[in-house]
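Chains as they are written, first to last, in the working numbering: chain A, 1 to 103; chain B, 1001 to 1103; chain C, 2001 to 2103; chain D, 3001 to 3103.
These aren't lab readings, by the way, just hints derived from the structure by calculation.
Here a beta-carbon is modelled for each residue, glycine too, at the ideal position from N, C-alpha and C.
Some hints here could point you the wrong way.
[To be verified] Below 16 Å or equal to it, Euclidean Cα-Cα: the simulated EDC-like pairs (lysine to aspartate or glutamate) are:
(1) Lys1101/B - Asp49/A
(2) Lys3056/D - Glu3015/D
(3) Lys79/A - Asp1034/B
[Unchecked claim] Which chain B residues face chain D? A few, computed with CB under 8 Å, are given here:
(4) Ala1022
(5) Tyr1077
(6) Arg1078
(7) Arg1082
(8) Asn1083
(9) Thr1086
(10) Leu1100
[As the list claims (entries may be wrong)] Here are the in silico distance ranges between beta carbons for each label pair:
(11) Arg64/A - Ala2050/C: 13 to 23 Å
(12) Arg1019/B - Asp49/A: 45 to 55 Å
(13) Glu15/A - His3030/D: 39 to 49 Å
(14) Asp3034/D - Asp49/A: 24 to 34 Å
(15) Arg2098/C - Glu93/A: 45 to 55 Å
(16) Gln3057/D - Arg1082/B: 18 to 28 Å
(17) Arg1082/B - Asp3049/D: 43 to 53 Å
(18) Arg1019/B - Ser3016/D: 25 to 35 Å
(19) Asp3034/D - Arg1064/B: 42 to 52 Å
(20) Glu15/A - Lys3056/D: 19 to 29 Å
(21) Arg61/A - Gly3032/D: 37 to 47 Å
(22) His3090/D - Ala1050/B: 20 to 30 Å
Protein chains: 4
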Amino acid sequence: MLLVEVSMSPFGKGESVGRYVARSLDIIDHSGLDYRLNPMGTVIEGEWDAVFAVIKQCYTRMRRDCNRISISIRADYRKGARNRLTGKVHSVERRLKRRLKTT
Amino acid sequence: MLLVEVSMSPFGKGESVGRYVARSLDIIDHSGLDYRLNPMGTVIEGEWDAVFAVIKQCYTRMRRDCNRISISIRADYRKGARNRLTGKVHSVERRLKRRLKTT
Amino acid sequence: MLLVEVSMSPFGKGESVGRYVARSLDIIDHSGLDYRLNPMGTVIEGEWDAVFAVIKQCYTRMRRDCNRISISIRADYRKGARNRLTGKVHSVERRLKRRLKTT
Amino acid sequence: MLLVEVSMSPFGKGESVGRYVARSLDIIDHSGLDYRLNPMGTVIEGEWDAVFAVIKQCYTRMRRDCNRISISIRADYRKGARNRLTGKVHSVERRLKRRLKTT
């Protein structure tokens, strides 16, 4: 499984792009894949094809009314690993023996 | 104010780098800056000098026993904006009129 | 058309990962897509499906003998734009009326 | 020494941001640090303080007339390594025993 953080924004639509970000989150939230939204992007967990199909859906939707789009994707594949959306954060907290700010 | 997401990992220390990530989070958590840890990085809010001083501290600590380090930083500056660690997520939820997965 | 910069490295294979990077470049170079290698990644130009098919090939190859992989992708879509592998650099040089360091 | 790739663009200034990118390149080109411009960013080689001072200069200049700025930075530190702006590309070419597209 992969953890994939994606951030996608249009250029040329002004400083406020929340409307376009919300449309992507609507797609991700309905995709059936597990995910976590954070202030700089959305981390999705899944296999390669499933995750990139959802990201392409967001891109295809944005292309309909945006002429320039900037996309940032970071992925972390780890063989056999699962439930890392919560597992990675908890693992850091266990090491430090205290809770950290997560939401 | 800036939102700055940072992710920093050593190469050559095996597949599991949680020990090194925990040291960075310890530095960030004690920095006094507001932040949120997510499964792919940590988003810090603050002015340029304050945020990059903390990131440099993490880097300096990691350099002590790591010969190769990979760092990814994404920053979003918005004039006059504050409290965006929670504000950006809430703004997306308000637009979609429902709660999203955040933690 | 999109410009897509990709960087893909295994964890747990030591500090030197050039062997794995070379295999990806071999795939990209044989893909038929236009690209430019730089010291921090490879920029590929093409449509979404073509570019991401090549990136998936690199990932699939690396998975065969790497248990943890870190991938960074940044994409810039611009409607109707072509030949931006050379065009974007030349455009900056034209504005500054001098040559810059590019290779 | 570090290799640091930086890409910095304003939001809210339309689809074409070449004017702002050129100003950053002017600063980087005059900084005295070695660098290479590519179609998706600029890779700078140097020590942490020197490189981040130049990036901050670009940011400070852009802030003067841009209310929202997006910045992407990826860094690769390797102990004792130098001349990696050309060295990393050549190393891949040597492994593949052929020239690749670089400019």
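Comparing the hints with the structure gives:
{"no.": "1", "hint": "Lys1101/B - Asp49/A", "result": "violated, 22 Å"}
{"no.": "2", "hint": "Lys3056/D - Glu3015/D", "result": "violated, 24 Å"}
{"no.": "3", "hint": "Lys79/A - Asp1034/B", "result": "violated, 33 Å"}
{"no.": "4", "hint": "Ala1022", "result": "violated, 19 Å"}
{"no.": "5", "hint": "Tyr1077", "result": "holds, 4 Å"}
{"no.": "6", "hint": "Arg1078", "result": "holds, 5 Å"}
{"no.": "7", "hint": "Arg1082", "result": "violated, 14 Å"}
{"no.": "8", "hint": "Asn1083", "result": "violated, 16 Å"}
{"no.": "9", "hint": "Thr1086", "result": "violated, 19 Å"}
{"no.": "10", "hint": "Leu1100", "result": "violated, 22 Å"}
{"no.": "11", "hint": "Arg64/A - Ala2050/C: 13 to 23 Å", "result": "holds, 20 Å"}
{"no.": "12", "hint": "Arg1019/B - Asp49/A: 45 to 55 Å", "result": "violated, 33 Å"}
{"no.": "13", "hint": "Glu15/A - His3030/D: 39 to 49 Å", "result": "violated, 29 Å"}
{"no.": "14", "hint": "Asp3034/D - Asp49/A: 24 to 34 Å", "result": "violated, 41 Å"}
{"no.": "15", "hint": "Arg2098/C - Glu93/A: 45 to 55 Å", "result": "holds, 52 Å"}
{"no.": "16", "hint": "Gln3057/D - Arg1082/B: 18 to 28 Å", "result": "holds, 25 Å"}
{"no.": "17", "hint": "Arg1082/B - Asp3049/D: 43 to 53 Å", "result": "violated, 28 Å"}
{"no.": "18", "hint": "Arg1019/B - Ser3016/D: 25 to 35 Å", "result": "violated, 46 Å"}
{"no.": "19", "hint": "Asp3034/D - Arg1064/B: 42 to 52 Å", "result": "violated, 26 Å"}
{"no.": "20", "hint": "Glu15/A - Lys3056/D: 19 to 29 Å", "result": "holds, 22 Å"}
{"no.": "21", "hint": "Arg61/A - Gly3032/D: 37 to 47 Å", "result": "holds, 45 Å"}
{"no.": "22", "hint": "His3090/D - Ala1050/B: 20 to 30 Å", "result": "violated, 39 Å"}
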